[in-house]
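Student: Residue numbers (this note's numbering), protein chains in the order written: chain A, 1 to 82; chain B, 1 to 82.
None of these hints come from the bench; they were simulated from the model. Incorrect hints may appear among the rest.
Identical copies look the same in the list; a pair holds intra-copy or inter-copy alike.
As the list claims (entries may be wrong) - Okay, derived cross-link-like pairs now, DSS-like style, lysine-lysine, Cα gap no bigger than 27 Å in a straight line: (1) Lys42 with Lys13; (2) Lys61 with Lys21; (3) Lys13 with Lys53; (4) Lys21 with Lys53; (5) Lys53 with Lys66.
There are 2 protein chains.
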Amino acid sequence: MMFTAQITIMPLKELLDPQGKAVQESLHTMHLDSIQDVRIGKHITLTIEANSKEEAEAHCKAACEKMLYNPVMETYKIIIEG
Amino acid sequence: MMFTAQITIMPLKELLDPQGKAVQESLHTMHLDSIQDVRIGKHITLTIEANSKEEAEAHCKAACEKMLYNPVMETYKIIIEG
Chain A
1 MMFTAQITIM PLKELLDPQG KAVQESLHTM HLDSIQDVRI GKHITLTIEA NSKEEAEAHC
61 KAACEKMLYN PVMETYKIII EG
Chain B
1 MMFTAQITIM PLKELLDPQG KAVQESLHTM HLDSIQDVRI GKHITLTIEA NSKEEAEAHC
61 KAACEKMLYN PVMETYKIII EG
């Protein structure tokens, strides 16, 4: 069966996100002052061939742990869609 | 009221995503061959001070249209959380 995975990788809350900070300041110069706490991460979509949702999630987790995310600076969340 | 927005910005389906392609090939060399169609985009979280969910969404949309996404190459999706 084919599954689709939505992976969100964000910088850890404890860390400064300079890219987000820069975007926030630019938005303020555009008079969008109501926007705060901008944080920028990655969104990855992929399809997985697996026998079950659990197997698809395991493969996806392996991909994250082995390659996609940096545990020192980031956190990740996986959503598997049928 | 404070609202949290989750914005996902992805490369258009019609376009090649070289970053995703490179990641997919690297995953295959790590024996994760079940993974296909890798596409990499951005995930942005931000908080918005607004009087209603509709107003928060309008501000968020303005930020996307004015700055965060490139209509030639990308598509975006906004989720506003209470």
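Student: With 27 Å as the alpha-carbon cut-off, assign the pair Lys61 and Lys21 to within, between, both or neither.
Tutor: For Lys61 and Lys21, only the inter-copy Cα distance (19 Å) is at most 27 Å; the intra-copy one is 29 Å.
Student: State whether the alpha carbon distance between Lys13 and Lys53 is at most 27 Å within one copy, between copies, both, or neither.
Tutor: This pair counts as between: shortest inter-copy Cα distance 25 Å, intra-copy 29 Å.
Student: Should Lys42 paired with Lys13 be assigned to within, between, both, or neither, using CA atoms and 27 Å as the limit?
Tutor: Both. Shortest intra-copy (15 Å) and inter-copy (17 Å) distances satisfy the 27 Å Cα cut-off.
Student: Up to 27 Å between alpha-carbons, please classify Lys53 paired with Lys66: within, between, both or neither.
Tutor: within (20 Å within a copy, 39 Å between copies)
Student: Should Lys21 paired with Lys53 be assigned to within, between, both, or neither, using CA atoms and 27 Å as the limit?
Tutor: between (37 Å within a copy, 24 Å between copies)
Violation of the numbered hints given earlier is absent; every hint is satisfied by the structure.
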